[in-house]
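The listed protein sequences correspond, in order, to chains Z and Y. Take 1 as the starting number for the first sequence in our numbering and just add one per residue. Take 1 as the starting number for the second sequence in our numbering and just add one per residue.
Any given hint could turn out to be false.
[To be verified] Once the Cα atoms are required to be at most 30 Å apart in a straight line, the calculated DSBU-like pairs of lysine-lysine come out as:
hint, chain 1, residue 1, chain 2, residue 2
1, Z, K104, Y, K155
2, Z, K333, Z, K221
3, Z, K141, Y, K462
4, Z, K333, Y, K155
5, Z, K333, Y, K235
6, Y, K462, Y, K475
7, Y, K299, Z, K225
8, Y, K76, Z, K333
[As the list claims (entries may be wrong)] Counterexamples of contact, computed for chain Y against chain Z with all Cβ distances above 12 Å:
hint, residue
9, M77
10, R177
11, A203
12, N312
13, R405
14, P463
15, E521
FYI, nobody ran anything at the bench for these hints, they're computed from the structure. Each residue gets a CB set at the ideal place from its N, CA and C atoms; glycine is no exception.
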Amino acid sequence: MNPYTSSGSVATMTANVSGNDNLNDLGDGPRQPGDPERYPVGAVTRRLMGYVRPHRISFVASFVSAAISVILQLYTPILIGEGIDLIVAVGQVDFDALLPLVTKLAIVVVGAAAFQWLQGYCVNRLSYETVRDMRVGASDKLSRMPLSFIDSHAHGDLMSRVVNDVDQVGDGLLQGFTQLFTGVITIVGTLAFMLSINLTMTLVVVLVTPLSIFAAGAIAKLSNKSFTAQQRIQGQLGGHIEEYVGEQKLVDAFAYGSNAQQRFDALNAELYAAGERAQFMGSLSNPGTRFINNIIYAVVAVIGCVGVITGVPAALTVGGVQIFLSYANQYTKPFNEVTNVITQIQTAYASARRMFALLDAREQEPDAADAVELATPQGEVTLEHVDFSYVPDRKLLQDICIEAKPGMRFALVGPTGCGKTTLINLLLRFYDIDAGRIMVDGRSSRDYTRASLRRAFGMVLQDTWLFEGTVADNIAYGCPGATREQVIEAAKRAHAHKFIVQLPGGYDTVIGEDGGTFSQGQKQLLCIARVMLTDPAILLLDEATSSIDTRTELQVQAAFDELMAGRTSFVVAHRLSTIRNADCILVMRDGQIIERGTHDELLAAGGFYAELYRSQFAQ
Amino acid sequence: MIELLRRFGGKFRRYMVIGPACKLIEVIFDLLTPLVIAQMIDKGIGAHDVSAVVRYGMVLAAMAVIGISFTLVCQKMAALTSQGMGTDIRGALYQHINKLSYAELDRFGTPSLITRITNDVNQVQLAVALGVRMLIRWPFLAVGSMCAALAIDLKLGIIFLICTPAIGLVFWVVMARCIPYYKQLQAKLDRIALICREGLSGARVVRAFVREDHERERFAQAADDQANTAIAVGKLSSILNPVTFLVMNLGVCAILWVGGIQVSVGELTQGQVMAFVNYMTQTLTSIVYVANLVVVFTKASASASRINEVLNCVPGIADEGNQPVALPKPGNVASVPALSLSHASFSFGAGAANAVNDVTLELPLGKTLGIIGGTGSGKSTLVSLIPRLYDASTGSVSVMGVDVRTWPLDQLRRVVATVPQRASLVSGSIRSNLTWRDEAATDEELWVALDMAQASEFVRNKPQGLDAPVEAGGKNFSGGQRQRLTIARALVGSPQILIMDDSASALDFKTDAALRHAIRERSMRGAAKGGLPLTTVIVSQRVSTVRDADVICVLDHGSVAGLGTHDELYATCRLYREICQSQLRREELEGQRGSTAPAPTPAPASTLSPASAPTAPASICAKEGC
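Bound-form chain Z, shown alone (with noise of 0.2 Å):
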């Protein structure tokens, strides 16, 4: 029952929280994943290159050392080629000039080395220097969003352009650009090499190379066929197991494994004769190139040899052959290469345009230049005239007028969805009122910075939020100065110092991820304490106590009222206490305030409030 995200109202809310276009596109992001038009590719390479700008002598770097890495590699081949032209026969092996040769061959081959790992190191530190930095973008520009933007979208969403999509960036961009680079210079570098040393040859092996690229599409595009068959049906045998697996607990209680074992098995059965012929099919790729890449090898073989005792077509030596055969062998590689790293720079490109279609998401207006601080809160918190909606032509709250002198106690009543949450939500300034006056100590709350007017009110909501580290952090997290004695004193007056104390590691016990072992009790405790350590001069309590039992409740509710005492309160509340001990009722419905006054008041009034007081309470 969280209000902020109730599906009803969030898919529409999308569309216009305070009239931010940009959501939009982020709404739909996973489906289409950034838009083009809005992100060329000549954009977001200017943007890209923005963020490699801090880290550019790696970039510089890795680029210049791949450059001289392949063109080393690729000279390799013409030193052996060279090499093994001297030593022909008995007699015919010229060592005068076979050492120099040799040692040049080691330089080579230590400087390609050398370069082809300097290249590594850089692309690395590169790419996940970038990462970072990308990502702490993300994260800062998500903390600086407006509230409506994180209730409005799936959080998995968001995490996964924090968490994965910057990734792909790294990766898929940054290491598929040197790729592509190294992949190019490649094909460049074995073409020069090849011309420099016979046209002809060179003519053949570019003519019969293209086969085995085609050979490699025929069988990628017969094998895509059958690995989409496959994915189906994995897809439903995992769709199966999520289910059933995932409720294997009401399965054994309602020995309901035989039937479940059937459709399992009929599903399992699918799976195997589509995934026999994918896998085959996805097997044809490597013997397939590896078949055109023998037949070629022995085109170039015989052609070679041919030229070597006739000079037709070539004149070549034995070495020239031997230096033909490796470029033959090496020139289709890098084609395979780009085809694969082009797929993974167009994914990359899709991950960056949701990256920066998160970045370029409106934010929450700043505070105004002249905003002042909130120094000394008295309490006094005014509505005058309050309409705000989520949707422009769905109005949630209409002329909501509320007087609160220092100390009152207010309680908001009515049905799911009559505005109570939301009414909390603007006097945080977590959304801004459409029209009206949120007043707080006699000034409008948007003449105080947002951090000063939110360190006046102290909130505890339905939904216990506890970080990972220790109680005492928890605790403290609203004040950070805090000493352990008035973390103390804190976690006692909230009745929660028992129950911590008895921890294994005490103040000291780290909570877990989601609040660990706690109990649901426990956490809105600790919650409480938090808010107690804060001393805030208004309190905003929303169905703090409603997911715990009842028993466990009244301790709660204690310590709410120790809360409560000498501040302004605005309580979300089901307990009778609660709402009869207010000095205010105010009853809700549709937006609206509809009755206000004390319990024994609206009951003496016999309208709404007396109507579902009785209806709540009677069996």
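Given the coordinates of chain Z, work out where chain Y should sit on it, guided by the hints.
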């Protein structure tokens, strides 16, 4: 991995021999290629014999054609073997998971089981395929090239014997140092995701406490940490390719020099030196592939051991040899208790405290047992002992007077129907979800169950009625609707005992009451028709849900804190009274006092603050309300 092969490989033994055997032929041809080229050069060029060159060219082409034909056979065998084995393993795993009891399911955890049956099986499947296809090819090519080289000339062969282990060593050292890093790297990336998730889910809290800067700093640190580790690994792993290239080509340098000497004294020919160079390249490329294979197999063997762990896990709850139990005759109802627990205890692990502690109770046929207690008091665990989802660690649990350990599980779970706490449905239709207990249930029976569960109205309003689609998890129904459907699901197939585990929590009071009324009526009608009356166990946190039960069991930390009727417990059990006071209206409590007249005990002061004390024991209970 070996264990899995032994268990599932038998059927495919023939394929696993034929496949690699065929591959061997291609490998042998690959090995022969440099020799043929050497012949081409020495015989063809040496003798200026163009026809010899063409002849050897034809040999090369023929070898390529024959090679690929055999390879195709091998690839087919690999596909048949790996997919066949994968399918068998998946089937066996699934079957075994169906046999596991709650204790084992808890131990493995659902997400882990799902990974094992999907990812891990795929991993093994891949390894088997690569094994059939490549396990012969690359090592054989590496060793074969080496042997061929040694056969040509022993002296030059020594260069091989130095270079090959050198490269192997580099691979081993680099990988052994990188692999631990990869784990760290993953953990660091997970941490980045965690902080990001926390920042999103806690956006309100972070902003309310004005800690955006702190969160930014925390994220930046984690990102920095991850980047530094990644760069450190990169430094190491980027050594591999250059070193391979280096060793390989320095080897070639040596071959040229030593080869030159050998040729000059007539020990070797030019073609043979060339063959040597080609073998060198082939060996070292093969070693790179072998290293990759090692990585795949390491991963697969981790997966295989995870799979074996499940397959070797003996289900803690088995019913082999248990004979069907004869249900008591309707006329004989009074003599047999529907349910009895005798000093039953249960703990989730050897060291853990008892989740259910020494519970003894008896429930006659047709009666209702209410179980109440706070969160974590062991209510759900206690009721899961009844259909033997867990076995009591000590003591015993009997259904219809027969120890659950002697019931056939299927029969026991048909007699005992459960409505679980979490109302979940599976994808399909309403009908397919309702017929879990009885595949052959008629529409009429389904509607009766829906009526009792107070669900017929909204089902009737669906255009497709019983055939209305249900999405995974039942997401297209509201919580209350889902809960009512799961109640109806338990009622189909006429169970003798119905367990409702806090399963009316999303229902309002009126519906809850109507439901309990319908169940009571059904029980009586069943008895009147000469069948067995329905015995009901209701777990709840609400006093109002259990107060009319024939027996109420109050649980506190797994132990029975009170056992009796509402009135008895209110008078004698402090915990029960506290629960009542936290939930019921003052007027109701006062009425209570009037009728049973126990000494009025005010709620312990410690749990109530002064502010709320005067009106404290009052609450609007319906959580779905305001």
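Hint check:
1. Z:K104 - Y:K155: It holds: about 23 Å lies between the C-alpha atoms, which stays within 30 Å.
2. Z:K333 - Z:K221: Given that 30 Å is the threshold and the Cα spacing comes to 19 Å, the pair holds.
3. Z:K141 - Y:K462: violated, 45 Å
4. Z:K333 - Y:K155: Violated, at about 33 Å.
5. Z:K333 - Y:K235: Holds: K333 of chain Z and K235 of chain Y sit about 26 Å apart, inside 30 Å.
6. Y:K462 - Y:K475: holds, 15 Å
7. Y:K299 - Z:K225: Given pair K299 of chain Y, K225 of chain Z holds - Cα atoms ~28 Å apart, limit 30 Å.
8. Y:K76 - Z:K333: Holds - the C-alpha atoms of K333 of chain Z and K76 of chain Y are around 25 Å apart, at most 30 Å.
9. M77: violated, 10 Å
10. R177: At about 16 Å from chain Z, R177 of chain Y clears the 12 Å cut-off, so the statement holds.
11. A203: violated, 5 Å
12. N312: holds, 18 Å
13. R405: holds, 16 Å
14. P463: Holds, because the least Cβ-Cβ distance between P463 of chain Y and chain Z comes to about 21 Å, which exceeds 12 Å.
15. E521: holds, 19 Å
Violated hints, in rising order: 3, 4, 9, 11; the structure is consistent with all others.
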